[in-house]
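Top to bottom, those sequences are chains A and B.
When we follow our numbering, the leftmost residue of the first sequence carries the number 1, and every step to the right adds one.
When we follow our numbering, the leftmost residue of the second sequence carries the number 1, and every step to the right adds one.
Derived from the structure by calculation, the hints contain no laboratory data.
The model shown is predicted, which means the values in this text are computed figures rather than measured ones.
Note that the Cβ used here is the ideal one computed from N, Cα and C, for glycine as well.
It cannot be assumed that every hint is accurate.
List time: in silico SDA-like cross-link candidates among lysine to any residue, alpha-carbon distance up to 25 angstroms [claimed, not checked]:
1. LYS14(B) <-> LEU205(A)
2. LYS229(A) <-> ARG198(B)
3. LYS210(A) <-> ARG198(B)
4. LYS14(B) <-> ARG59(A)
Some chain A residues flagged as far from chain B (calculated, every beta-carbon gap over 10 angstroms) [claimed, not checked]:
5. SER89
6. ALA148
7. LEU217
8. LEU220
9. GLU245
10. ALA249
11. MET270
12. ILE277
13. GLY295
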Amino acid sequence: MNQEPRPPSAPEPLLAAWIKWTMDFWETLAQMGPRQTGTALPSGALPHGIKSPLHEYSRLALRMWEAFFSLLTEPRTVDAVFRGIKAPSEMILQMAQTGWGGYFHLHQQWLEGGGRVEAPGLEDLGQDFLTAWAEKYEEQFKQLVNLAQTGLLSIPQEKISQGVARFGQYQAAMTEFMNLLYLPLKKSLQVMDENLEKIAHEGELSEDFKEYYRMWLRILEGEYMTLFKSQEYRRTLSYTLNALEDFTAAKQELLADTLKILALPTVQEMDEIYQEIYLLKKRVKDLERKLAKLGPAA
Amino acid sequence: MTPPKIPVDLIMAKLAVEARKAQHRLEKAKDVLLGPLNTDIATTPCDIVYQEDRVRLKHYRPLKKSRQKTPLLLVYALINRETVLDLEPGRSMVQGLLKEGVEVYLVDWGHPRRQDRYLTLDDHVNGYLDTMVDFLRERHRLPQINLMGVSMGGTLAVMYTALHPEKIKNLITTATPVHFDTDKGLLHLWTKEIEADRLVDTFGNMPGDLLNAAFLLLNPARLVFDKYVGFLENLDNQEFVENFIRMEKWIFDSPDVPGETFRQFLKDCYQRNLLIKNQMELGGRRVNLKKITMPLLNIFGRYDHLVPPEACAPLTKKVGSRDLTEICLDTGHIGIYLSSRGPKGLVARIAAWLKEREPNGQIARSAAKKT
């Protein structure tokens, strides 16, 4: 059976009726005073005929609200109000659509950029992941962290961003360094495997586990010595130390700002005082020595 | 090719035996670890006879009447603590020297704080060290004392002696780096790339923990891994556990190094190698190794990976002394101080060398001799 769609109930008559009932209620309440109730006036109350200021203000406020609400009863006004109510939600929906669209677009770009890295072999998976991560950090995330800040809090915000950037850099450097330290371990296990195979073929396998442990330890020591003498290790060590220094400096700057807000002396201020004390002490010692040389006559 | 015959049955049998042994060892280890352990270090009785700021001078009470008139001042490095020279009874260089009748004083550099970051090498050498030498000269009413430097402390002792030769009777250096431009030690390689200014400006004092990490990295296979495997294997041996914990206490008691001292030491010594070239300056005064004309005993370890023989041996050729003795021990850096047991140990040789050069003893005037 076909049913005709019900027309949506028009909100305007309902709203008008509600407004009228509300106004009638509050007006009736406002007109009721101590006179109407027949109760005795409390002490301090104004005598009959003189209007209380509070009463006047209430009546004025009611008149204003009545005038405002009476506007709402007009169909044109109600229509505008409801369109206004719908507008924010439409705006929010539009903003959300734009935001998601933009995010997906960025994500797609990022994936396309990452597609340049070839599928790694299993053995190089760790190293390629680190390299790809380091590249991504430099090209994508670092730009976000280094965005220019504006406004009253721009300088502290920049320092926080710097701290975050330095932390990221330090993390990347430390990860690379730890990965480098892991390589001799990996290599030693490979060499040990080859040695064991060779010994097994020669039929010289020992029953003593300690022998294998000592053999592996000697290989591991040798691999580490080779790594530690390499230029790559020295470069990575220097880079990691520099990243640690940069991160420490950024942390110290943030700490200095916090200490300033708390009206506490900063590390730099204390260092200046220490330096002055050190120089003063040196001067005093020098003068004491000169005085001692002059003898008791001085 | 026939597949290799792996004696799986023998290996499994061995595993079972080892497992039983391990279980028995664990039971005993529990008693050892939960029982009373004597892990105190630096227990030889001493008195603090002088103190300036954080630096203290310890005087060890003589065990017997001193056979030697001239006291010996021991100067340890600014890295790690001097307590390694008195680690435990039976492995204490200090006790060994006391038993040989040497009157021993030891410099305790203490734990630098932030306020010490501006102290320079000059402050340590011409400041603290010079004041303590003068104090001892006055205390014993002697014009000169004996000076012995250990590791970086030896480098400080060499600098001091070159600047104040009139105050030192005999000089002993143990595992003392003076020539830093060598590829034999990893530290020498690594420090070439480090930016000293940046490091010190960031941290103030050089953090002891960072230095410790660097030392552990010199041989991680042994120092980070094998050492603790050995510890686990000997958990049931109380003496081993006590010695191990004492050693750990010393290794990880790492004071910070005052920033300006570290800056100059790294730049002038490790990076520019000025000391051996007689171009190093402290407080505006040139350190000239030729000014060292008193008897010199130079001791180093053949397997020292921290301060290789190539860094220590050149001192003998650069000083102005004619009474020169070199001792190369078959040991590493720490072994020099801890391999001092018995009459033929290092301590006995040091004491004998000093005794020969006492005013009423024999004084060797021979040229450099290697032992």
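Task: Hints violated by the structure (listed by number, smallest first) - done: 3, 4, 7, 8, 9, 10, 11 and 12
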